[in-house]
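Trainee: I would like the entire structure built from these sequences, with the hints used as guidance.
From first to last, the protein sequence lines stand for chains A and B.
Following the numbering used here, the numbering of the first sequence begins with 15 at its first residue and continues without gaps.
Following the numbering used here, the numbering of the second sequence begins with 15 at its first residue and continues without gaps.
In case anyone wonders, no lab produced these hints; they're calculated from the structure.
None of these values were measured; they are calculated from a predicted model.
Keep in mind that a hint or two might mislead.
Which copy is meant is left open, so a pair is good if it fits within one copy or across any two.
[Said to hold, decoys possible] Restricting the straight-line Cα-Cα distance to at most 27 Å, the calculated cross-link-like pairs of lysine-lysine (DSS-like) are:
(1) Lys320 with Lys309
(2) Lys46 with Lys320
(3) Lys309 with Lys76
(4) Lys309 with Lys97
(5) Lys222 with Lys16
(6) Lys97 with Lys346
(7) Lys320 with Lys144
(8) Lys125 with Lys144
(9) Lys70 with Lys320
(10) Lys341 with Lys320
(11) Lys144 with Lys97
(12) Lys46 with Lys26
(13) Lys239 with Lys26
(14) Lys144 with Lys46
(15) Lys97 with Lys76
(16) Lys320 with Lys346
Here is how the chains run, residue by residue.
2 protein chains.
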Amino acid sequence: MKIIESIFSGEKVSVCFDANFNNVNNFHSSDKILVLTDQNIFTLHSQKFTNFQVIKVDGSEKNKTQSTVDNIISQMLQLDIDKTWLLVGVGGGVITDMAGYVASIYKRGIKLGLAPTSILGMTDAAIGGKNGVNVGMYKNMVGTTYRPTFILYDFTFLDTLPTAEWINGFAEIIKHACIKDEAMFNELENRDINFYINNRTEATAMIKKNVALKTAVVLADEFEKADRFQLNFGHTFGHAIENLYNIPHGHAVSIGMLMAAKVSAEINNFDSVSVERLKELLQQYKLTVSQEINKEEVLALLTKDKKRAGDAINFVLLNSIGNATVKQLSFKTIQSLLDQTL
Amino acid sequence: MKIIESIFSGEKVSVCFDANFNNVNNFHSSDKILVLTDQNIFTLHSQKFTNFQVIKVDGSEKNKTQSTVDNIISQMLQLDIDKTWLLVGVGGGVITDMAGYVASIYKRGIKLGLAPTSILGMTDAAIGGKNGVNVGMYKNMVGTTYRPTFILYDFTFLDTLPTAEWINGFAEIIKHACIKDEAMFNELENRDINFYINNRTEATAMIKKNVALKTAVVLADEFEKADRFQLNFGHTFGHAIENLYNIPHGHAVSIGMLMAAKVSAEINNFDSVSVERLKELLQQYKLTVSQEINKEEVLALLTKDKKRAGDAINFVLLNSIGNATVKQLSFKTIQSLLDQTL
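Mentor: Below is the structure:
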């Protein structure tokens with residue numbers, strides 16, 4: 015196990031690569047560790063959890079709600095969990111988000127650890143402290159920002175990760191390349207999804223590179239005044255589409271990135287050759303690049319977006335591959351751009 | 015209006031005495047102010063709220079639940095409240111607690127102001143940033159610590175405060191005197207509840223003194239490592255009794271303080287004359303001093319208390335009037351003390 019320590023707002027977060035799940039014992043007494051995980055992960059990896067109390071929930075996006083959180087909290091009360099316990103979220107982004115939220119509100123906050131098991135969780139959701147649950151169609155409308163004590167990477171969880179989840183996760187990796195790392199974009203172009211699924215060394219190297227990239231962005235701008243906001247690239251349209259059409263997160267972000275790239279070509283001098291390169295890259299990673307959408311429905315959902323500020327919305331555009339910018343666009347402008355780009 | 019500024023963890027909180035509710039405009043643009051208040055307050059003081067969006071809820075303790083919070087959040091989404099808005103909680107402790115919790119989790123946090131309307135809210139609940147909702151019988155099991163930008167004291171809200179709420183609020187004032195201020199205890203002994211109800215100048219002076227006392231305790235120990243914990247005096251038994259027997263908070267704390275005083279006499283050299291003085295003082299303020307309790311039920315609830323640490327509970331005891339201490343008592347010790355003191 016290799017531990018890299020970062021300080022966020024004065025609090026230490028230990029990132030543990032190449033770990034074994036049992037290494038959670040390095041951070042807390044094992045008789046006071048509660049694991050929150052998903053049914054499938056528990057079934058596939060039950061031998062990892064024999065020493066701990068476990069709460070299992072359905073870890074699908076539709077279940078990422080306050081009512082699941084209520085259920086988790088009532089189980090924690092029944093288990094007599096007090097403030098001396100550690101809660102470890104083990105799963106994809108849905109589980110790590112709910113674990114972070116629960117840890118932040120249970121008895122006004124208990125110690126948190128995260129062990130992401132999916133590409134999306136490992137490269138994105140578990141990093142940065144943001145958590146949340148959905149309210150009806152609105153994504154992450156309720157949540158907090160709460161730091162884990164550690165993020166533990168046990169790469170053997172990838173042994174059972176379904177192909178669909180590899181694909182989902184690479185959408186965030188491509189997003190990171192688009193906004194921050196042209197060299198990584200080139201590297202991804204030279205490979206495809208099957209290469210990474212079948213080559214564990216290269217996959218974990220790519221994951222570590224993305225952890226470093228996201229951590230650096232978050233550390234440089236914890237309160238999302240500038241650079242961190244760029245991590246929302248593809249997510250403004252993406253979140254709306256994900257909820258309206260019940261599309262997996264990665265595919266929705268893929269469609270959202272391509273829409274944002276087209277908008278960037280229209281009003282930000284992003285070149286159209288690069289739009290095509292992005293489209294081809296997304297297809298190489300088996301991500302969806304088009305979807306019939308109802309513009310009025312999408313616009314109506316955008317007005318509820320957390321990124322909204324009055325009559326406008328902060329929108330992430332590309333200058334070139336590896337270089338992004340944030341512009342405030344009015345809903346009117348977005349409407350006319352949707353008419354042109356779709 | 016007189017403004018006193020304090021800095022909590024680097025964030026400024028403005029305490030505004032002798033204010034008019036409309037002074038909230040000093041802190042935020044009035045077209046982006048959302049008021050959360052209680053039905054009764056709204057009916058009695060509707061003219062104060064004409065310039066603002068308002069959400070009204072039942073502000074009774076039984077309604078301080080996640081389901082009320084869910085309802086508030088869904089109304090906020092319908093009203094298109096975004097992160098540029100200010101949420102102002104106007105009411106007693108139940109309302110200011112729910113306002114703080116909602117502001118902390120809505121879209122991962124929006125700006126918060128508090129305008130407490132009861133003695134309990136003004137002297138206790140609105141100060142210090144703690145909030146929460148109850149889960150079944152367990153008080154404040156879910157919540158966060160979240161600072162308001164301002165706490166506004168419009169004393170005309172006291173014009174309509176029911177006598178029962180004056181009585182409830184004086185339990186916390188007596189608590190402050192017990193743990194920190196012998197002179198205030200003496201002053202309270204020379205007066206009674208009717209004196210304060212009928213003498214607004216003296217009542218507001220007493221409120222201001224208690225705001226200063228609680229603010230000083232919180233500032234000196236924001237993370238509740240030592241002194242701040244003393245504010246739980248009377249609340250360990252109090253919370254259990256409040257929920258089991260559906261007794262108003264102030265009366266439950268009154269019973270809890272007297273129980274804790276008897277325990278202090280038993281194991282902490284607190285003198286029995288002072289126990290009698292406290293009992294008489296509570297009666298002067300029309301607070302309940304005895305209640306038939308089922309010891310097993312009370313002990314069972316104590317095991318869920320946030321103050322629990324493993325097999326013991328941190329318990330606030332008095333050394334003398336105006337001077338408190340914290341001791342860790344095992345559940346076994348508490349059980350045998352309950353047998354002796356009840």
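Trainee: Which earlier hints can't be squared with this structure?
Mentor: Structure breaks no hint.
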